[in-house]
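*Asks:* Residue numbers (this note's numbering), protein chains in the order written: chain A, 38 to 370; chain B, 38 to 370.
Rather than coming from a laboratory, the hints here were simulated on the basis of the structure.
Mixed in with the good hints, there may be bad ones.
Where chains are identical, the list cannot tell them apart; a pair therefore holds if satisfied intra-copy or between any two copies.
[Said to hold, decoys possible] Straight-line Cα separation of at most 35 Å, DSBU-like style, residue types lysine-lysine; simulated pairs: (1) 365 / 279; (2) 366 / 150; (3) 230 / 133; (4) 366 / 279; (5) 365 / 77.
Because the structure is a prediction, the values reported are computed rather than measured.
These are the residues of each chain, in order.
2 protein chains.
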Amino acid sequence: MKTELNRDIEAALQPLSARPISHVFLVACGGSLSIMQGGKYFIDRHSTKLSSDIFNADDFVCRAPQRLGRNALVILCSQTGTTRETARAAQHAREKGALTVAMTLDPASPLAKASDFTVAYQASYTTGIAIDAADSNYAVLYMLLTGVLRATDGIDLVAPVLTSLSALQPAIDRAHQVFADRFADFAPHFKDKSAIYTLASGPSYGAAYSFSTCVLMEMQWYDSQAVHANEFFHGPFEVVDKNAAFIVLIGSDETRRLAERARDFLLRYGAESNILILDSAELDLSAIDARFRGYVEPLVFFDTLWKFAYRLADLRRQPMLEGRRYMKKISNY
Amino acid sequence: MKTELNRDIEAALQPLSARPISHVFLVACGGSLSIMQGGKYFIDRHSTKLSSDIFNADDFVCRAPQRLGRNALVILCSQTGTTRETARAAQHAREKGALTVAMTLDPASPLAKASDFTVAYQASYTTGIAIDAADSNYAVLYMLLTGVLRATDGIDLVAPVLTSLSALQPAIDRAHQVFADRFADFAPHFKDKSAIYTLASGPSYGAAYSFSTCVLMEMQWYDSQAVHANEFFHGPFEVVDKNAAFIVLIGSDETRRLAERARDFLLRYGAESNILILDSAELDLSAIDARFRGYVEPLVFFDTLWKFAYRLADLRRQPMLEGRRYMKKISNY
Numbered sequence: 038m039k040t041e042l043n044r045d046i047e048a049a050l051q052p053l054s055a056r057p058i059s060h061v062f063l064v065a066c067g068g069s070l071s072i073m074q075g076g077k078y079f080i081d082r083h084s085t086k087l088s089s090d091i092f093n094a095d096d097f098v099c100r101a102p103q104r105l106g107r108n109a110l111v112i113l114c115s116q117t118g119t120t121r122e123t124a125r126a127a128q129h130a131r132e133k134g135a136l137t138v139a140m141t142l143d144p145a146s147p148l149a150k151a152s153d154f155t156v157a158y159q160a161s162y163t164t165g166i167a168i169d170a171a172d173s174n175y176a177v178l179y180m181l182l183t184g185v186l187r188a189t190d191g192i193d194l195v196a197p198v199l200t201s202l203s204a205l206q207p208a209i210d211r212a213h214q215v216f217a218d219r220f221a222d223f224a225p226h227f228k229d230k231s232a233i234y235t236l237a238s239g240p241s242y243g244a245a246y247s248f249s250t251c252v253l254m255e256m257q258w259y260d261s262q263a264v265h266a267n268e269f270f271h272g273p274f275e276v277v278d279k280n281a282a283f284i285v286l287i288g289s290d291e292t293r294r295l296a297e298r299a300r301d302f303l304l305r306y307g308a309e310s311n312i313l314i315l316d317s318a319e320l321d322l323s324a325i326d327a328r329f330r331g332y333v334e335p336l337v338f339f340d341t342l343w344k345f346a347y348r349l350a351d352l353r354r355q356p357m358l359e360g361r362r363y364m365k366k367i368s369n370y
Numbered sequence: 038m039k040t041e042l043n044r045d046i047e048a049a050l051q052p053l054s055a056r057p058i059s060h061v062f063l064v065a066c067g068g069s070l071s072i073m074q075g076g077k078y079f080i081d082r083h084s085t086k087l088s089s090d091i092f093n094a095d096d097f098v099c100r101a102p103q104r105l106g107r108n109a110l111v112i113l114c115s116q117t118g119t120t121r122e123t124a125r126a127a128q129h130a131r132e133k134g135a136l137t138v139a140m141t142l143d144p145a146s147p148l149a150k151a152s153d154f155t156v157a158y159q160a161s162y163t164t165g166i167a168i169d170a171a172d173s174n175y176a177v178l179y180m181l182l183t184g185v186l187r188a189t190d191g192i193d194l195v196a197p198v199l200t201s202l203s204a205l206q207p208a209i210d211r212a213h214q215v216f217a218d219r220f221a222d223f224a225p226h227f228k229d230k231s232a233i234y235t236l237a238s239g240p241s242y243g244a245a246y247s248f249s250t251c252v253l254m255e256m257q258w259y260d261s262q263a264v265h266a267n268e269f270f271h272g273p274f275e276v277v278d279k280n281a282a283f284i285v286l287i288g289s290d291e292t293r294r295l296a297e298r299a300r301d302f303l304l305r306y307g308a309e310s311n312i313l314i315l316d317s318a319e320l321d322l323s324a325i326d327a328r329f330r331g332y333v334e335p336l337v338f339f340d341t342l343w344k345f346a347y348r349l350a351d352l353r354r355q356p357m358l359e360g361r362r363y364m365k366k367i368s369n370y
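The shape of chain A in the complex, shown without the other chains:
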């Protein structure tokens, strides 16, 4: 079991000893942006010294926040490191004097080259290679932020975070077994829906965002939206009828009651066969530190839902990655 942060993470943290950081910008696009929800939640819950923002990379460049300067840390993420908006955002941040850390699979990528430091991670979804979740984008982000928190607030969560991350992959593997039959049952019900919503709260909202926009919309052309569990009651819930299809992610973090309330409403006014509920309380996450469980649950939800997406793809006879019509198919857009 690892007892120290990765060397590239420690290297990225090195400047913090001489440079007071007061703000963290979490910057990316699409799926890489979605993981930042967990990161911001971690900062909000633990740090009295740090404010933080999540920005789409091109929004960040145009908006050009006044607070971007020497006391800002900018964490950027792009799987391939070739996302143009994100590489440009790194360049913009460096020009403003901020400290920039790139998260990417490829330390030789444009994003890595545009940033002060690079932290490598691994991915299985697009590469097809099985990885350990402790090496994933979320894991690396949490390790990085744990190190930042230690430097800025003097709170040392490195040991419980590393222990938790090392227990994560077995927990995900068990979760696949828990949800497998449910996915098989629900896929035929969801196959021909025109719209499927994914509802969540807290750190798990990122998994809902990624599943709705980067899987259901991008790869299966469903109409979709990630619905925040409380915002649901201030507009979106009016679409609920016996045909409406919802996926509900219920984590164990402090916002759990928000998702429970939405689940109860959906079971009352929707049809049970159209409300796919994934509840972390059904899972064995006992090897993960209770303080850190809510943060890793989006990985569990997204990884298991990926299997559900493949079931839908099979029934719809629309391939997943290869099914996209624009992304990586056309250029100059």
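Using the hints, position chain B against chain A.
*Replies:* Just chain B now, with coordinates in the frame of chain A:
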């Protein structure tokens, strides 16, 4: 023409002279939350002293950010002032020692009572009474933040903001004329769509959020989503075909090129008759200070789109406010 901020706003600003504020929390639910996008954009663009967050009210209570304390200003908004989550959020913030300012129609409401200060505004959508946009929720928020900026950063934009707000209602009235024929043309095309997306960037993203979730979903039961103009290219754009219905809001703020890029893509791969474009460049906003134009455009877009929604409601024979099946119809959810 007004040359001074409203008295209730000046009263709410009074404590800032003796109390350094470093963070602004913008807290509400649904439509009242949507206006905060413009507020945060204003802070990001103008203040070097203030960080800020937008939180759904119940999320804010559960998340309980560590930075919430004596140096935080919490601005909350609820039309009727009876939104339970928002009143509870005000109470939570006061308990943590923060300065709380409630925006509401009703200074005797639970939200107002739970807050240190109340700033009143007017609304026409739900009351049916015509108002001047200078008295709206957006206008009051911008006046308040202009006063905060003057206190924290020493930047005085009060005069141009008041001048701009006083020129807003005539600009909105002219915009209705510019868009009227287009709405009549598009309504029959959009009437029977199952999904309609609203795309925007910058301050206008709030108008897209409100129109998608609080009008299209809530009142007309369309499947919908507010799509961020750059996030569009990282997933959502894959749903675009010749049948996909999009409303595109193009403002004059610094993120304009993001919305232009999405518009160009939509016109290329979608069908022109399904892409309803509202561009602020078509409007006469010359009486509004150029620095402030982008901030008032969401009001122009939302107010004019409200007319489009009524056209859809007529064609679909589904009333607007009275058409809701849960909100204000059932209780105990």
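*Asks:* For each hint, tell me whether it holds in the structure or not.
*Replies:* So, going through the hints one by one against the coordinates:
For a Cα distance limit of 35 Å, the shortest separation of residue 365 from residue 279 across copies, 20 Å, qualifies, whereas the shortest one inside one copy, 37 Å, does not. In this homomeric assembly, residue 366 and residue 150 come within 35 Å of each other (Cα to Cα) only inside a single copy, at 26 Å, whereas the closest approach across copies is 57 Å. Proximity of residue 230 to residue 133 under the C-alpha cut-off of 35 Å is found in neither arrangement, the shortest distances being 47 Å within a copy and 45 Å between copies. For a Cα distance limit of 35 Å, the shortest separation of residue 366 from residue 279 across copies, 18 Å, qualifies, whereas the shortest one inside one copy, 37 Å, does not.
In this homomeric assembly, residue 365 and residue 77 come within 35 Å of each other (Cα to Cα) both inside a single copy, at 30 Å, and across copies, at 34 Å.
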